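Asks: Heads up: the sequence shown begins at 221 in the numbering used here, then just goes up one per residue.
In short, the hints are calculated from the structure, not lab data.
Where hints are given, some of them may not hold.
As the list claims (entries may be wrong) - Cβ pair distances, simulated, as ranges:
no., residue 1, residue 2, range
1, G439, W276, 22 to 32 Å
2, S503, L230, 32 to 42 Å
3, F342, L237, 42 to 52 Å
4, L246, W272, 18 to 28 Å
5, R328, L230, 46 to 56 Å
6, V269, P465, 49 to 59 Å
7, D520, M420, 27 to 37 Å
8, V307, P242, 54 to 64 Å
9, A249, R226, 24 to 34 Å
10, P254, L308, 29 to 39 Å
11, I362, D520, 24 to 34 Å
12, K225, S326, 31 to 41 Å
13, G243, T413, 36 to 46 Å
14, W272, A316, 45 to 55 Å
Since the structure is predicted, the reported quantities are computational estimates derived from the model, not experimental observations.
Backbone N, C-alpha and C fix where the C-beta goes; we use that ideal spot for every residue, glycine too.
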Amino acid sequence: MNSTKRAARLRRSAPLLALAAPGVLLLLAFQYYPLVGNVIAFKDYLPFVGVWESPWVGLENFELIARGDHRFVNALTNTLIITLVQVLLVFPVPIALALALNSMVSERIKRIVQSVLYLPHFLSWVIVVAVFQQFLGGAGMINNFLRANDLDTFSLIGNADLFIPLVTSQLIWKDAGWATILFLAVLSQIDTTLYEASTMDGAGRFRQMWHITLPALKGIVILLLILRLGDALSVGFEQIILQQPAVGIEASEVLDTYVYNVGIVDGSWSEATAVGLVKGIVSVLLVLGANKLAHLFGEDGLYRS
221 MNSTKRAARL RRSAPLLALA APGVLLLLAF QYYPLVGNVI AFKDYLPFVG
271 VWESPWVGLE NFELIARGDH RFVNALTNTL IITLVQVLLV FPVPIALALA
321 LNSMVSERIK RIVQSVLYLP HFLSWVIVVA VFQQFLGGAG MINNFLRAND
371 LDTFSLIGNA DLFIPLVTSQ LIWKDAGWAT ILFLAVLSQI DTTLYEASTM
421 DGAGRFRQMW HITLPALKGI VILLLILRLG DALSVGFEQI ILQQPAVGIE
471 ASEVLDTYVY NVGIVDGSWS EATAVGLVKG IVSVLLVLGA NKLAHLFGED
521 GLYRS
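All chains should be modelled from the sequences, with the hints used to inform the complete structure.
Replies: And the structure:
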């Protein structure tokens, strides 16, 4: 392409480039420029001296990971357990909800149910945790009812043994309804003549779901699963930190809160950054691995190389 054609093409694209410029600048300022700060993972960062004046220490800050520091191992173990539980229990719920909503005959009831399911997504974690405490806490509504009727009460909020089921149920209540949007959008694109033809062939609702509906959802399920794996080591900061004082560090420490507690509370900025950097690298490797696995099974995955 000669310079004249390139200049003409640039002039034609000028409005689009001007439109995209603010977004690109925001990305550079708030997403890419802060990445430079990861350099303190290789330094003994001293806030009063500054990033570039602090002495280099090589890989010293990564030693707590290599030597299996108890606090780090505990945070990693809790993170992996919560991630596994969320993938097994939370991930399928929006798919089941979408299939149930899609099978509703009445559009009016379907819209009402959808609106009710979407609402918790717009609540902050502060409100969600407060709602659960008001219902299930020691002085909550259910325990007050049991106490008033001389029945045994139970302790769910603040019970370290039930912390993982508690945060899982909170996540399902808050976000499962919102996550159905993508699945419902895919279901709405299925050609209805496929269902009509299968009905003519004598297929029931279960066979239609197995041979038409679920294959249509396969692509988006794999895509979202890959994205979820990329976020596998992030299980929610706000939700956990709000409930951590009630159940203790041992039961509730995850990598996100570990980085906060070590970096901000304890002042070990460099060690916290080292853990965060390793966490980010592992997440990228998980995404690349899952995407490659999807290609091996003949799916598009997140991208095609």
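Asks: For each hint, tell me whether it holds in the structure or not.
Replies: Outcome of the hint check:
1. G439 - W276: 22 to 32 Å: Violated - the Cβ-Cβ distance for G439 and W276, about 47 Å, lies outside 22 to 32 Å.
2. S503 - L230: 32 to 42 Å: holds (37 Å)
3. F342 - L237: 42 to 52 Å: Violated, since F342 and L237 (Cβ atoms, about 34 Å apart) do not stay within the stated range.
4. L246 - W272: 18 to 28 Å: Because 25 Å falls inside the window, the suggested range holds.
5. R328 - L230: 46 to 56 Å: With a Cβ separation near 52 Å, R328 and L230 satisfy 46 to 56 Å, so the hint holds.
6. V269 - P465: 49 to 59 Å: With a Cβ separation near 33 Å, V269 and P465 fall outside 49 to 59 Å, so the hint is violated.
7. D520 - M420: 27 to 37 Å: holds (32 Å)
8. V307 - P242: 54 to 64 Å: violated (36 Å)
9. A249 - R226: 24 to 34 Å: Once the Cβ atoms are compared, 29 Å apart, the range 24 to 34 Å for R226 and A249 holds.
10. P254 - L308: 29 to 39 Å: Given range 29 to 39 Å: holds, Cβ gap about 34 Å.
11. I362 - D520: 24 to 34 Å: violated (47 Å)
12. K225 - S326: 31 to 41 Å: violated (58 Å)
13. G243 - T413: 36 to 46 Å: Because 41 Å falls inside the window, the suggested range holds.
14. W272 - A316: 45 to 55 Å: holds (53 Å)
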